[in-house]
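With the sequences and hints as input, model every part of the structure.
Just so we're aligned: the sequence shown equals residues 1 to 329 in full-length UniProt numbering.
Don't read these hints as lab results, they were simulated from the structure.
There's no promise every hint is true.
Claimed, not checked - Straight-line C-alpha distance at most 25 Å; calculated SDA-like pairs for lysine to any residue:
1) Lys-6 to Gln-108
2) Lys-296 to Leu-193
3) Lys-140 to His-89
4) Lys-6 to Gly-198
5) Lys-140 to Leu-161
6) Lys-140 to Asp-160
7) Lys-292 to Asp-239
8) Lys-34 to Val-112
9) Lys-296 to Ala-268
10) Lys-132 to Ala-268
11) Lys-140 to His-226
12) Lys-119 to Leu-193
13) Lys-119 to Asn-195
14) Lys-140 to Gly-168
15) Lys-121 to Glu-81
16) Lys-296 to Glu-315
17) Lys-121 to Tyr-36
18) Lys-132 to Lys-121
19) Lys-119 to Phe-90
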Amino acid sequence: MNTLDKTPVTVLTGYLGAGKTTLLNRILSENHGKRYAVIVNEFGDVGIDNDLVVDADEEVFEMNNGCICCTVRGDLIRIIEGLMKRRNHFDAILIETTGLADPAPVAQTFFVDEDVQSKTKLDAIVTVVDAKHLLDEIDKAHEAQEQLAFADIVLLNKVDLVGEEGLGEVEKRIRRINPTAVIHRSERCQVDLDNILGRSAFDLDRVLEIEPEFLKHFHDHDHDDHVASFSLLSDAPLDPERFFPWIQSIAQNHGPDMLRMKGIIAFADDDDRFVMQGVHMLLEGDHQRPWKAGEKRTTRLVFIGRDLPRDAFEEGFRNCFVQEGVAAE
Numbered sequence: 001m002n003t004l005d006k007t008p009v010t011v012l013t014g015y016l017g018a019g020k021t022t023l024l025n026r027i028l029s030e031n032h033g034k035r036y037a038v039i040v041n042e043f044g045d046v047g048i049d050n051d052l053v054v055d056a057d058e059e060v061f062e063m064n065n066g067c068i069c070c071t072v073r074g075d076l077i078r079i080i081e082g083l084m085k086r087r088n089h090f091d092a093i094l095i096e097t098t099g100l101a102d103p104a105p106v107a108q109t110f111f112v113d114e115d116v117q118s119k120t121k122l123d124a125i126v127t128v129v130d131a132k133h134l135l136d137e138i139d140k141a142h143e144a145q146e147q148l149a150f151a152d153i154v155l156l157n158k159v160d161l162v163g164e165e166g167l168g169e170v171e172k173r174i175r176r177i178n179p180t181a182v183i184h185r186s187e188r189c190q191v192d193l194d195n196i197l198g199r200s201a202f203d204l205d206r207v208l209e210i211e212p213e214f215l216k217h218f219h220d221h222d223h224d225d226h227v228a229s230f231s232l233l234s235d236a237p238l239d240p241e242r243f244f245p246w247i248q249s250i251a252q253n254h255g256p257d258m259l260r261m262k263g264i265i266a267f268a269d270d271d272d273r274f275v276m277q278g279v280h281m282l283l284e285g286d287h288q289r290p291w292k293a294g295e296k297r298t299t300r301l302v303f304i305g306r307d308l309p310r311d312a313f314e315e316g317f318r319n320c321f322v323q324e325g326v327a328a329e
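Printed below as a string of structure tokens:
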């Protein structure tokens, strides 16, 4: 199936009280002419989010089977397969996760299940952040850090409660965890929905086209976060026979702690850019487009994870070179 024919899926995540349900209700009630199927997950035996979702024509599916981290994938596959039988009834799917959720199992679903992958595409992981309370919460709540790590788009909400200097500190902290996410500020989740829906933000090709300098955000090297990020860069061409075994070993050995990986690779004797991204142990990659005339053929890899051994990654990366030359920011 052509990518354009696949049903887009947007995942809404964020820590408790950040405003996920407010955003969901905005999407469902705004006059945009689109129909959404909604999957709501709530922690515990009794869900309450379904009662908060505004009365709309969209179909709401609630999963009350405990922590999304443990049990969501099977239910999600089953529900999406059921939805696909009625795909002419809606234009896109929204998934709202519990505030205590690791978004990884949701994202992984779109890697591992062939039926889901053939009919849907993960459009974006949108993380809603409470601008007023993030700095107080983030050191105590690892979930908040991990939700930021997975984000393609961050909605920095409740900005009316924080001064400009404070917002700068919040954005700096977000960037330390996730340098590649697009950040939008909002009050009560009032944001142009075109900024968060239908963005193809999970599509690495689009990310790199829109933000070709996304690694420029890497300037802060404090490592007191539970989740942190770093980049590896090289102007030297890479040997695919060395690179692929190395990156697969990274995913296998460090997958549980490697939350996201994004990169563009310049292989020796290859006129096309190779793009990759990963979620935990799952990697995907393909040739994208030819390198343009005069375009600098630089390999750029971003790793976001829990206490990843940067020195070991750098050493393995250097071993992939056809010739020496590396820069790490």
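Can the restraint linking Lys-132 and Lys-121 be considered satisfied, given a maximum Cα separation of 25 Å?
Distance of about 33 Å is beyond 25 Å: violated.
When you check the alpha-carbon spacing of Lys-296 and Leu-193, does it fall within 25 Å?
Since the Cα atoms of Lys-296 and Leu-193 sit roughly 35 Å apart, the hinted pair is violated (cutoff 25 Å).
Given the hint that Lys-119 pairs with Asn-195, test it: the Cα-Cα distance must not exceed 25 Å.
holds (24 Å)
Holds or violated: Lys-140 and His-226, Cα atoms, limit 25 Å.
Holds, because 10 Å separates the two Cα atoms, which is no more than 25 Å.
Take a quick look at whether Lys-121 and Glu-81 sit within 25 Å of each other, Cα to Cα.
Distance ~13 Å between Lys-121 and Glu-81 Cα, so the pair holds.
Straight-line Cα separation of Lys-292 and Asp-239 no greater than 25 Å?
Given pair Lys-292, Asp-239 holds - Cα atoms ~20 Å apart, limit 25 Å.
Under the criterion that the straight-line Cα-Cα distance not exceed 25 Å, is the pair Lys-140, Gly-168 satisfied?
Distance of about 21 Å is within 25 Å: holds.
Given the hint that Lys-140 pairs with Asp-160, does the C-alpha gap stay at or below 25 Å?
holds (24 Å)
Between Lys-140 and Leu-161, is the straight-line Cα distance small enough, at 25 Å or below?
Judged against 25 Å, a Cα distance of about 21 Å means the pair holds.
Lys-140 and His-89 were given as a pair; does the straight-line alpha-carbon distance stay at or below 25 Å?
Measuring from Cα to Cα gives roughly 42 Å; hence the hint is violated.
Is Lys-119 close enough to Leu-193, meaning Cα to Cα at most 25 Å?
With Cα atoms ~23 Å apart, Lys-119 and Leu-193 stay inside 25 Å; holds.
Lys-296 paired with Glu-315 [C-alpha distance capped at 25 Å]:
Roughly 23 Å separates the two Cα atoms, so the pair holds.
The structure shown violates the earlier hints numbered 2, 3, 8, 10 and 18.
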